[in-house]
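Asker: Respectively, the protein sequence lines represent chains R and X. If you count by the numbering used here, then the first sequence holds residues 1 to 360, one letter each, in order. If you count by the numbering used here, then the second sequence holds residues 1 to 263, one letter each, in order.
Hints are all accurate, no fakes.
Calculated cross-link-like contacts (lysine-lysine; reagent style DSBU-like; alpha-carbon spacing at most 35 angstroms):
#	chain 1	residue 1	chain 2	residue 2
1	R	162	X	26
2	X	213	R	197
3	X	200	R	197
4	X	19	X	201
5	R	162	X	98
Reference excerpt, derived from the structure (chain X facing chain R, CB under 8 angstroms, subset only):
#	residue
6	55
7	56
8	66
9	77
10	87
11	98
12	116
FYI, nobody ran anything at the bench for these hints, they're computed from the structure. Beta carbons are placed, not taken as given, at the ideal position from N, Cα and C, and that holds for glycine.
Here is how the chains run, residue by residue.
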Amino acid sequence: MGDLKLMKGNEAIAEAAIRAGVDAYFGYPITPQSEIIEYLMAEKPHERTGMVVLQAESEVAAINMVYGAAGTGKKAMTSSSSPGISLKMEGISYLAGAELPAVIVNVVRGGPGLGTIQPSQADYFQATKGGGHGDYRMIVLAPASVQEMSDFVSLAFDLAFKYNNPVMILSDGVIGQMMEKVDLKDSVARWTDEEVKENSPWATVGKTKDRERNIITSLDLDPSHQEKHNEKLLLKYADITKNETRIEKIDCDDAEYLFVAYGSSARIAQKAIQLARAKGIKVGLLRPITLYPYPSEMVAKMADQVKGILAVEMSAGQMVEDVRLAVEGKVKVEHYGRVGGIIHSPQEVLEALEKKIIGG
Amino acid sequence: MRDEILKELVQPDNLVYSKTELMTDKTLSYCPGCGHGTAHRITMEVIEELGLWEDTIGIAPVGCSVLAYEFMNIDMQQAAHGRAPAVATAIKRCWPDKIVFTYQGDGDLAAIGTAETLHAINRGENIVIIFVNNGIYGMTGGQMAPTTLLGMKSSTSPYGRDEATMGNPLKITELISQLPGAYFVTRQAVHTPATVRKTKKAIRMAFQNQMDKKGGVSFVEIVSNCNSGWKMTPVQSNQWLIENMLPFYPLGDIKINGEFINK
Ligand SMILES: Cc1ncc(C[n+]2csc(CCOP(=O)(O)OP(=O)(O)O)c2C)c(N)n1
Ligand code: SF4
Chain R
1 MGDLKLMKGN
11 EAIAEAAIRA
21 GVDAYFGYPI
31 TPQSEIIEYL
41 MAEKPHERTG
51 MVVLQAESEV
61 AAINMVYGAA
71 GTGKKAMTSS
81 SSPGISLKME
91 GISYLAGAEL
101 PAVIVNVVRG
111 GPGLGTIQPS
121 QADYFQATKG
131 GGHGDYRMIV
141 LAPASVQEMS
151 DFVSLAFDLA
161 FKYNNPVMIL
171 SDGVIGQMME
181 KVDLKDSVAR
191 WTDEEVKENS
201 PWATVGKTKD
211 RERNIITSLD
221 LDPSHQEKHN
231 EKLLLKYADI
241 TKNETRIEKI
251 DCDDAEYLFV
261 AYGSSARIAQ
271 KAIQLARAKG
281 IKVGLLRPIT
291 LYPYPSEMVA
301 KMADQVKGIL
311 AVEMSAGQMV
321 EDVRLAVEGK
331 VKVEHYGRVG
341 GIIHSPQEVL
351 EALEKKIIGG
Chain X
1 MRDEILKELV
11 QPDNLVYSKT
21 ELMTDKTLSY
31 CPGCGHGTAH
41 RITMEVIEEL
51 GLWEDTIGIA
61 PVGCSVLAYE
71 FMNIDMQQAA
81 HGRAPAVATA
91 IKRCWPDKIV
101 FTYQGDGDLA
111 AIGTAETLHA
121 INRGENIVII
131 FVNNGIYGMT
141 GGQMAPTTLL
151 GMKSSTSPYG
161 RDEATMGNPL
171 KITELISQLP
181 GAYFVTRQAV
191 HTPATVRKTK
201 KAIRMAFQNQ
211 MDKKGGVSFV
221 EIVSNCNSGW
231 KMTPVQSNQW
241 LIENMLPFYP
251 LGDIKINGEF
261 INK
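Bound-form chain R, shown alone:
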């Protein structure tokens, strides 16, 4: 049995990391996610589980520490918010290129630039379309509750090690800061040194005479090799798409209209569904849990059932592009969302549905 606690989303991530047997966390403070490193420092995970927690000199250093720790075959993670995630992008590209497992948490705030410390979902493109340089993909998980903030830490590590790929937990200031009941999972022990070597036979652990040396690199100066490497990555991403696409369907069975929303916007859309149904409007919600791979098939299927789709996200319209790609013009697809750190209300979301989809 786990145990029930009332926690902030950020604290839930930190506690879940300790319980998931994470070996190392490297981070740099930035609002609205500093509680993650603060919680970790206060909890002394070094004493609880032997986990390394280090405040780095920058997000650049932190992600490169993650890169180093991941290269040793251990479970390493970092967290930040939008401007800090921008700084991590080169390192994330290296992780993807060198095929290292690692977890990156982004508790998104409003931008561009220094922007605002208020919540936003405007980093969708950066998370799902690359962000850093080169052809690579991160698996992107979008928690919509404090419970999922906790649950997705171990899920993220499972996926990272299954595919030797970086995984991002794309959250936002709402989920990071709000307090909810969370059922914490039981602790699992950190891998022993022997388990690390067994689970990650490619890791830098010191070369013994009985094997070739292990090299962690993303470099290949020969373009024909580099092309092969890229092709291998593409096959891996196809596998990930086939096996790991996750979505939640809410009130979809009789739906005539559809919201597509992830994270905190999905929570707001759920409330908007109640308001709509009270007025007799039959609307449902598709909530992508993985943003990469994107649940395009499910969205396409629903497009055969409903009369119109509203993508709800706290951005100027980013995920809506993936909805449109999936729907292929079968029904009308519009976007609604407040920007710059303003959180839309359920009433505003309902009004947008009525105006842009039902009336429009």
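Assemble the complex: chain R is given as a structure, and chain X with the ligands must be docked to it using the hints.
Answerer: For chain X with the ligands alone, kept in the frame of chain R given last:
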């Protein structure tokens, strides 16, 4: 064929030198005459002589030595430009009983990676940093480095480094020696047999410090040449190094066992 000829030539009685097993047979990617190859070899010899080869993890930088992992026969990780000290920090923290070192050029360590260098040393990470200072960006074709001497020509200071607009050459080694986390700081060279021997001794002390878990970073600067970037023959470049680099970057120990050497 080659092996047979070698077997015939290399008889125990005329064998005066053998390559350490910790250097692979791969042909070095360095220009003939470049100091990187010597710096690699003596580093690997020290690791072998100290019996550390099963326990050592090296970090290759971005620079001419980006392919160090092709030549050093140990587990290695290639780091993003300038970030080797951050990568090393994490590896050492994750495997505290392993021996961890970075091998970095001056652009990598003293320009783009200044923050990582300074902070890894300031935290007193128990690692070795081998810093090859050739006063130029070799890999990208001879551009100005933070260590480029005043008046020295490079492809981005074609009329010579100008103090007013380009700043002064950075003595990063003296700078970091001020930090309590710098346990052993020395500046050496590899342009003559005598300096190679001294440098090897310094590298041995650096690794010995880490083995003994002495607190802090052991930092070995190697003033080296870049004959290609300097547009000289290897011999000319070594002469130029003696006449120009060494007066500005004087050789010798700066700090031993955490204490400054008073000269
Ligand atoms: C982020 C980033 N910026 C720039 C480069 C290009 N680059 C590669 S090596 C290098 C300079 C290396 O010079 P130095 O560290 O002095 O090493 P050397 O080649 O002289 O041994 C630069 C600027 C890069 N690879 N990555
Ligand atoms: S370019 Fe300069 S530093 Fe690079 S291998 Fe050639 S001589 Fe050495």
